[in-house]
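> Chains as they are written, first to last, in numbering that gives the first Met the number 0: chain U, 0 to 496; chain F, 0 to 312; chain D, 0 to 270.
Some clues are possibly wrong.
What the hints assert, rightly or not - Straight-line Cα separation of at most 25 Å, PhoX-like style, residue types lysine-lysine; simulated pairs:
1) 2/F to 122/F
2) 84/F to 106/U
3) 276/U to 295/U
4) 109/U to 99/U
5) 75/U to 99/U
6) 84/F to 169/U
7) 2/F to 165/U
8) 159/D to 2/F
9) 84/F to 53/F
10) 53/F to 388/U
11) 109/U to 84/F
12) 84/F to 157/U
13) 99/U to 72/U
14) 425/U to 276/U
15) 271/U to 57/U
16) 169/U to 53/F
17) 331/U to 271/U
18) 165/U to 218/F
19) 53/F to 165/U
20) 109/U to 53/F
21) 157/U to 109/U
Simulated from the structure, these hints should not be mistaken for lab results. Predicted, not measured: the structure shown is a model, and the values here were computed from it.
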Amino acid sequence: MRCLALFFSVVAFSVNAQTLRIGLAEDPDILDPSMARTFVGRIVFAGLCDKLFDLDEKLGIVPQLATGYEWSKDNKSLVIKLRSGVTFHDGEKMDAAAVKYNLERHKNMKGSNRRGELAVVSSVDVVDAATVRINLAAPFAPLLAVLTDRSGMMVSPKAAEAAGDKLGAKPVCSGPFRFVERVAQDRIVLERFPAYWNKGQIHFERIVYQPIVDATVRLANLRSGQLDFIERLAPSDVPQLRGDSRFKIAKIVEIGYQGITINVGKSDIAQKNPLGKDARVREAFELSLDRDAIVKVAMDGEAQAGNQWVAPSNRYYGKSAPIPKRNVERAKQLLKEAGVPNPSFTLMTPTTSDAQRIAQVVQAMAKDAGFDVRIQATEFATSLNLADKGQFEAYVLAWSGRADPDGNLHTMLACKGPTNYAGYCKEDVEKLIDESRTSLDPARRAAAYDKIAAQVAKDRPIVYLYHRNWLWAHNAKLTGLRTVPDGMVRVQGLKMN
Amino acid sequence: MAKYLLRRLAQIIPTLFFVSVLIFGLQQLLPGDPAIALAGEERDPETIRYLREKFHLDEPLPVRYWHWASGVLKGDLGDSVRIQKPVSELILEKLPVTIQLAAMAMLIALAIGIAAGIVSAVKKDTWLDYVANVFALWGLSTPNFWLGILLILLFAVQLGWLPASGYVSPFEDLKANLSAMLMPAFVLGNAIAAVLMRHTRSAMLQVLSSDYVRTARAKGLDERVVVLKHALRNALIPIITLGALEFGTLLSGAVLTEQVFSIPGFGKLIVDAVFNRDYLVVQGVVLFTATVYITLNLLADLAYFLVNPRMRT
Amino acid sequence: MKKLLRRGGAIFGLVVVALFVVLALAAQWVAPYDPLATSWSAVRQAPGAAYLLGADELGRDVLSRVVWGARASLLAGVVSVCISVACGVPIGMLAGYLGGWIDALISRITDAMLACPFLILAIALAAFLGPSLTNAMIAIGISATPVFIRLTRAQVLAAKAEEYVEAARALGNPHLRIALRHIFPNIVAPLIVQATLAIAAAVIAEASLSFLGLGQQPPAPSWGSMLNTARNYVDQAPWMAIWPGLSIFLLVLSFNLLGDGLRDALDPRHK
Numbered sequence: 000m001r002c003l004a005l006f007f008s009v010v011a012f013s014v015n016a017q018t019l020r021i022g023l024a025e026d027p028d029i030l031d032p033s034m035a036r037t038f039v040g041r042i043v044f045a046g047l048c049d050k051l052f053d054l055d056e057k058l059g060i061v062p063q064l065a066t067g068y069e070w071s072k073d074n075k076s077l078v079i080k081l082r083s084g085v086t087f088h089d090g091e092k093m094d095a096a097a098v099k100y101n102l103e104r105h106k107n108m109k110g111s112n113r114r115g116e117l118a119v120v121s122s123v124d125v126v127d128a129a130t131v132r133i134n135l136a137a138p139f140a141p142l143l144a145v146l147t148d149r150s151g152m153m154v155s156p157k158a159a160e161a162a163g164d165k166l167g168a169k170p171v172c173s174g175p176f177r178f179v180e181r182v183a184q185d186r187i188v189l190e191r192f193p194a195y196w197n198k199g200q201i202h203f204e205r206i207v208y209q210p211i212v213d214a215t216v217r218l219a220n221l222r223s224g225q226l227d228f229i230e231r232l233a234p235s236d237v238p239q240l241r242g243d244s245r246f247k248i249a250k251i252v253e254i255g256y257q258g259i260t261i262n263v264g265k266s267d268i269a270q271k272n273p274l275g276k277d278a279r280v281r282e283a284f285e286l287s288l289d290r291d292a293i294v295k296v297a298m299d300g301e302a303q304a305g306n307q308w309v310a311p312s313n314r315y316y317g318k319s320a321p322i323p324k325r326n327v328e329r330a331k332q333l334l335k336e337a338g339v340p341n342p343s344f345t346l347m348t349p350t351t352s353d354a355q356r357i358a359q360v361v362q363a364m365a366k367d368a369g370f371d372v373r374i375q376a377t378e379f380a381t382s383l384n385l386a387d388k389g390q391f392e393a394y395v396l397a398w399s400g401r402a403d404p405d406g407n408l409h410t411m412l413a414c415k416g417p418t419n420y421a422g423y424c425k426e427d428v429e430k431l432i433d434e435s436r437t438s439l440d441p442a443r444r445a446a447a448y449d450k451i452a453a454q455v456a457k458d459r460p461i462v463y464l465y466h467r468n469w470l471w472a473h474n475a476k477l478t479g480l481r482t483v484p485d486g487m488v489r490v491q492g493l494k495m496n
Numbered sequence: 000m001a002k003y004l005l006r007r008l009a010q011i012i013p014t015l016f017f018v019s020v021l022i023f024g025l026q027q028l029l030p031g032d033p034a035i036a037l038a039g040e041e042r043d044p045e046t047i048r049y050l051r052e053k054f055h056l057d058e059p060l061p062v063r064y065w066h067w068a069s070g071v072l073k074g075d076l077g078d079s080v081r082i083q084k085p086v087s088e089l090i091l092e093k094l095p096v097t098i099q100l101a102a103m104a105m106l107i108a109l110a111i112g113i114a115a116g117i118v119s120a121v122k123k124d125t126w127l128d129y130v131a132n133v134f135a136l137w138g139l140s141t142p143n144f145w146l147g148i149l150l151i152l153l154f155a156v157q158l159g160w161l162p163a164s165g166y167v168s169p170f171e172d173l174k175a176n177l178s179a180m181l182m183p184a185f186v187l188g189n190a191i192a193a194v195l196m197r198h199t200r201s202a203m204l205q206v207l208s209s210d211y212v213r214t215a216r217a218k219g220l221d222e223r224v225v226v227l228k229h230a231l232r233n234a235l236i237p238i239i240t241l242g243a244l245e246f247g248t249l250l251s252g253a254v255l256t257e258q259v260f261s262i263p264g265f266g267k268l269i270v271d272a273v274f275n276r277d278y279l280v281v282q283g284v285v286l287f288t289a290t291v292y293i294t295l296n297l298l299a300d301l302a303y304f305l306v307n308p309r310m311r312t
Numbered sequence: 000m001k002k003l004l005r006r007g008g009a010i011f012g013l014v015v016v017a018l019f020v021v022l023a024l025a026a027q028w029v030a031p032y033d034p035l036a037t038s039w040s041a042v043r044q045a046p047g048a049a050y051l052l053g054a055d056e057l058g059r060d061v062l063s064r065v066v067w068g069a070r071a072s073l074l075a076g077v078v079s080v081c082i083s084v085a086c087g088v089p090i091g092m093l094a095g096y097l098g099g100w101i102d103a104l105i106s107r108i109t110d111a112m113l114a115c116p117f118l119i120l121a122i123a124l125a126a127f128l129g130p131s132l133t134n135a136m137i138a139i140g141i142s143a144t145p146v147f148i149r150l151t152r153a154q155v156l157a158a159k160a161e162e163y164v165e166a167a168r169a170l171g172n173p174h175l176r177i178a179l180r181h182i183f184p185n186i187v188a189p190l191i192v193q194a195t196l197a198i199a200a201a202v203i204a205e206a207s208l209s210f211l212g213l214g215q216q217p218p219a220p221s222w223g224s225m226l227n228t229a230r231n232y233v234d235q236a237p238w239m240a241i242w243p244g245l246s247i248f249l250l251v252l253s254f255n256l257l258g259d260g261l262r263d264a265l266d267p268r269h270k
């Protein structure tokens, strides 16, 4: 009998002693949830750090470290009930005190990038060991969505106190896997955390994340068997991989967007250029574009055309501002009315292949209406700087997206938004944005967004183009993959058969 | 001899100073505020202010240079802003990788270059000469990133003989390490093979027409012995000393080769750091590699000096 | 010249280079399509009757882009080297001829530039100036200058020791005349050889910078940027990469062969 038990445990161990090898498109930055700044870092966090809440495939809020929540009557405080029995990787208890510590760290630590998201949080109270109350200066609907991202990730207070802002070198969280080592630009290795509260869902011993920047090489690694999973498969590689039964492709529309930001008021350049100055010219520009063709040519069809900060399939998409169809005749007419039949402007384009394809397609399409679009390729870091100073006329810029629509709207189109490169500031829109954030009723929020969409569609500070598909490719033997629009690779449930 | 050595050593200090100024200037003058570039998508103004303060970005250039240079003299090269690791740690991490890649590339280059050079010199002006020429020049004539991608598609994807990319430490798994390094070392060594071929060819031509070799031939020695034993031995020294100077070319070539093959060496480190405006990394690594290059140069000159009796006067 | 013609490799090189130059100059008559003309229905179309070498990711004719791209790549090679020579030779002559602390200063700065990996310098300079073909040429040109400084200086030092130069000085000839009349003709030969080889390296350098997004920017064609775009489509549309890749290879090989041939012909030590 004992032999049998031993045999089974050995078998179970060898089945479990598996490594999941994931190929990333970039090297993540600092692995500290407070300081982290990249999208790809969040993929690693999905295996390393659990958060208060998580998202499901429909962007609904589901429990993770928290089991439930309740808003107060005036919507100015949120009471969160925490899961019991959760420990951090260093053995410390994950309780209300830890949550309070973390939220304050996100808000106050020097170098923290979470300040903006939690700006409205005024204080955090420990009600009891398993209950926490977050007090807000004003009602804030996006708060729960914010807590499904880095702001909701909890690190061990003991480790954070000891390491300070150097925690990222050896992060200590409470996720399914704990940190083993990191070789910059080579790999990040995590190993299974035996005391994980949901350990039944974890079927790997180790995860190795390998950044491989070149998409062709990343795919080559998958095809040669060195990787089990890759993120951001190139759209042009989809057809041939579909024919290969060894691999599967998973896709879902992102929560972000790709668009062209127009300088309508960031600097005096806005007034000097017809595109920035005259709304009719911007309308003509938008009418010269065929979004479906852009999606087909620039993204090989792997995107959903859009004209708002959320995709048409999103519940908060404003139905009163549908995607306009291409109309070159009307565009030419508008330009004649505006007195500039052949307007010319510079399109600042980062040197990424996606942005360059978009710019070239847009250039060719707009030419039909009489536009002379000059592509100015700019290194990404430089382009951010120029945008910040308003030293541009139009800018091809993408946004990786946030679960709550406010995260895609406020920072770009609110008067004091940190990434409001367009320089857009309208009082009535500002009021509507405010209303959409402070009201917790989805119907009221949707109504506000509808009105904002209608106005933004008229003013066109940003010409939204499309929402990409997140494209993942993996070994066909890997099962349990959940495609959530935030593009994260959730490790719970993943199994290699 | 000692005077020569001292003179050369004295020259190193101003050279290194200029290297530091050059690389500091290039980084600091790069357009764009590094604080904004490093601040992430949210562009939180507090974070930007914190970064500006941390890296003295509001202070004038000479002051910033002084902060950095005085740190370097104390052995502190600063930290990478992007991943918060000390630059010196990053260098130590990447050094064995780059050394291995460079060494393997050099071996391949020597093998191809010397062989082609010998053939070209001995069979001068025949079709073998042209073939050897083109064979060695082929490496110099193709962009290495391009060759790399083609090789990956052939050997990794189609044939499955070698891994597509990545790096495994030799202490972890020697076989995996060598198979992963083979293609990148070949791509890198290819380009230098041409240079070595030229050196070998001219050195061999010189030696083959010398009295020494004519005597050996007159003695009735087999041609192959003449070439390999006598001529090559004399030609080898200038070839190797000149080859040491190719270290700079190696690093240049490594930049793109490492990108394509995802080898975590210096080349990849520097390029990513330039685009991420992680300038302390660029400055530190370039200063380090420049020091190594200058030292190698000095050693090569000394070797040449010692071995070549004609130079000693 | 006769010696040059005797080396078959050099002839091949010369012929191919000449062909490419003619192609580049006659681009508008040779290219069947406008290299910038996009066509959404012809995206990545295989080579055939309509597009002899196939179409690229935006439906543009690869053949036309290769032909027009010859201009960009040749320019990148030639202009960069012209910049290097125009900067490097005078500085090298200054250092070699004047000697003293000027020589020491120039030599140390040259050593410093040579100690930094060439491509890193070029990348930093190109990033500094901004991504464009012109800036890439400037960046490559400046990064390659130290080689010419060293070369010129060495030749000047060797020539300075010659008796006829000493004699000229003794006769009271002004420095500039000595430099131009006596020293300069001596350095022309190795300079031409080095310049030819440098053009080859510069064309590759432009391709490398384009790989990183710092060279010729779309939609204007250059072989390097075409390769950069093509690497995303190597499996589905290999023709996008084959033709510019082949062109770079032929052009650079030819310059290398030509340079080697010139060296053999002009260097008195080689027979």
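> Given the hinted pair residue 84/F and residue 53/F, is their alpha-carbon gap at most 25 Å?
15 Å, holds
> Mind checking the alpha carbons of residue 84/F and residue 169/U for me, to see if they're no more than 25 Å apart?
11 Å, holds
> Is the straight-line distance between the alpha-carbon of residue 331/U and that of residue 271/U 25 Å or less?
21 Å, holds
> Can you confirm whether the C-alpha distance between residue 75/U and residue 99/U stays at or below 25 Å?
17 Å, holds
> Is residue 53/F within 25 Å of residue 165/U, Cα to Cα?
The hint holds at about 14 Å.
> Quick one, are residue 99/U and residue 72/U close enough, alpha carbons at most 25 Å?
The given pair, whose Cα atoms are some 22 Å apart, holds under the 25 Å limit.
> Can the restraint linking residue 276/U and residue 295/U be considered satisfied, given a maximum Cα separation of 25 Å?
31 Å, violated
> Is residue 157/U within 25 Å of residue 109/U, Cα to Cα?
Holds - the C-alpha atoms of residue 109/U and residue 157/U are around 18 Å apart, at most 25 Å.
> Regarding the pair residue 109/U and residue 84/F, is the alpha-carbon distance no greater than 25 Å?
17 Å, holds
> Does residue 157/U lie within 25 Å of residue 84/F when you go C-alpha to C-alpha?
21 Å, holds
> Do the alpha carbons of residue 2/F and residue 122/F lie within 25 Å of each other, as the hint requires?
43 Å, violated
> Compare the distance between the alpha carbons of residue 271/U and residue 57/U with 25 Å, and conclude whether the hinted pair is satisfied.
Given pair residue 271/U, residue 57/U is violated - Cα atoms ~44 Å apart, limit 25 Å.
Of the hints listed earlier, those the structure fails to meet are numbers 1, 3, 7, 15 and 18, in rising order.
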